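Assemble chain B onto chain A, guided by the hints.
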Amino acid sequence: MKDIILDYIKNEYIDEDEADEMTLDENTPLISSGIVDSFSMVSLKRFLEKKYSISIPDDQATPEAFNTVSSIIRLVEKFKK
Amino acid sequence: MAYPSVVQEAYRAELGAIREKGIFKEERFIHSPQAAGIAVEFPSGQPPRRVVNLCSNNYLGLSSHPEVVAAAHRGLDERGYGMSSVRFICGTQDLHRELEHKLTAFLGTEDTILFPSCMDANGGVFEAVLNDQDVMIADRLVHASIVDGMRLCKAMQDTYKHADMKHLEQKLQDHQDKRVRLIITDGVFSMDGDLAPLDEICALAEKYDAMVFVDDSHASGFMGKTGRGTHEHFNCLGKIDIITTTLGKGLGGASGGCVSGRTEIVELCRQKARPYLFSNAVPPPIAAAAIKVLDIVSASTERRDRLEANQKFWRQGVSEAGFVIKDGDSPIVPIMLFNAKLSQDVARDLFAEGIYVIGFFFPVVAAGQARIRTQMSADHDIPMLKNALEAFKKVGDKYGIRGLDKKGIIEKFGV
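Chains as they are written, first to last, in this note's numbering: chain A, 22 to 102; chain B, 7 to 421.
Only chain A is shown next, with the shape it has when bound in the complex (with noise of 0.2 Å):
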């Protein structure tokens, strides 16, 4: 699942000409860095809702569970069951 989001997110957020320069782990903050900010988050979370068939509901889509891919995987594990 880690590689699956970092995949996403590097090919949804990150410029080319800026990917070579940018080290990007599961570990690494989307949010609070401005890679990812609130107005481009919905794409994430619609992938994510459709990749692993489940809903995440608004309320719980938050910046700090969006801030690391660490804590989405924690989010989505967390729907899934």
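No lab work stands behind these hints, which were simulated from the structure alone.
None of the values given here were measured: they were computed from a predicted structure.
Heads up, some of the hints might be wrong.
[To be verified] Simulated crosslink set (EDC-like; lysine to aspartate or glutamate; CA at most 20 Å straight-line):
id	chain 1	residue 1	chain 2	residue 2
1	A	71	B	106
2	A	31	B	335
3	B	278	B	106
4	A	31	A	58
5	B	160	A	70
6	B	413	A	70
7	B	412	A	58
8	B	231	B	140
Using the frame of chain A, we list chain B on its own:
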């Protein structure tokens, strides 16, 4: 009245946190009309000093133009101060109709509806014309008012990487099942000064059966050969379904905005757009002055030509002086400093040299992208810009940043 101390404390703590982050905004008091040279009281309480203004949206220098001021006076004398009504009750004068017709002709569209501001136009248009069967696909750097307007709308939201046509195409393919696909972009991006590639966007819109929305607030009056806007620049006149723009920047600088475009879309806004329905009409003096502004920019390209010459001089000058700038073809020229504190220090030192600029940093721009945004006006002249350039060189030398590229500046100051 209940203002509990716990609430007051919470507000004070929030204000304290804003100050601590270094993003507390303070107003600077100007003791003169808006112009290329202004008298600014800063810090508050100090005697005003004359400075060159490089941070206003007065692109065409019409904010205090004598003919525009005289037209506002005539509007005031002949049609009064305010309407005391929304448009559809008893707030529409012949002036509003005339201004809407002139905007339609100038922008090359089918019809136009005025709003109190472009912020309101962007806040109302999406909800009025889209529903939950539709999708809005926006460039990630669109203006905050568009983001707010999209949030008020039930259509699905999606975004594409800034000006990335491959990514936009992918999104259009993803959403072929929707009733309406609306591509949403600024014409000129306010913080970067670059242009949306409207020719490519219109081609993709045609290929994937999508409509196009452009906020041309930082372009109307001067982009394109006759100043019609970014759509004229890219030979896309008549191809943009919805244009929103403001009367608060190049087109006079007071206030007011509009939605201009397809007849049915404008009519739906007249019936449904809440900021139009529930706020007062643009005041008569402003409507009268805006009509004069459109007469001036329609009669001659002299001002936009001068603005273009100033922009070229300034871009070349700061670039040759060894500063990093964002490429573009607009009067917005961001001088990149990357480090937030450096942007504040340089802006402060430039003020001491008689140059008024503002440093922008995260969250107004992306993290690590701090800058000083300079903006040209047709009212600047070359000697004024030469002086400004000398001040930039002096301050640039103080910090040793001239000639450094992005990597060099970040190595020296961090991000």
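Results for each hint:
1. 71(A) with 106(B): Given that 20 Å is the threshold and the Cα spacing comes to 45 Å, the pair is violated.
2. 31(A) with 335(B): Between residue 31(A) and residue 335(B) the Cα gap is close to 30 Å, so the pair fails against 20 Å, i.e. violated.
3. 278(B) with 106(B): Holds, because 18 Å separates the two Cα atoms, which is no more than 20 Å.
4. 31(A) with 58(A): Holds, because 14 Å separates the two Cα atoms, which is no more than 20 Å.
5. 160(B) with 70(A): Satisfied, since the Cα-Cα distance of roughly 19 Å is no more than 20 Å.
6. 413(B) with 70(A): violated, 39 Å
7. 412(B) with 58(A): violated, 23 Å
8. 231(B) with 140(B): Violated, at about 35 Å.
Hint compliance for this structure: hints 1, 2, 6, 7 and 8 are broken, all remaining hints hold.
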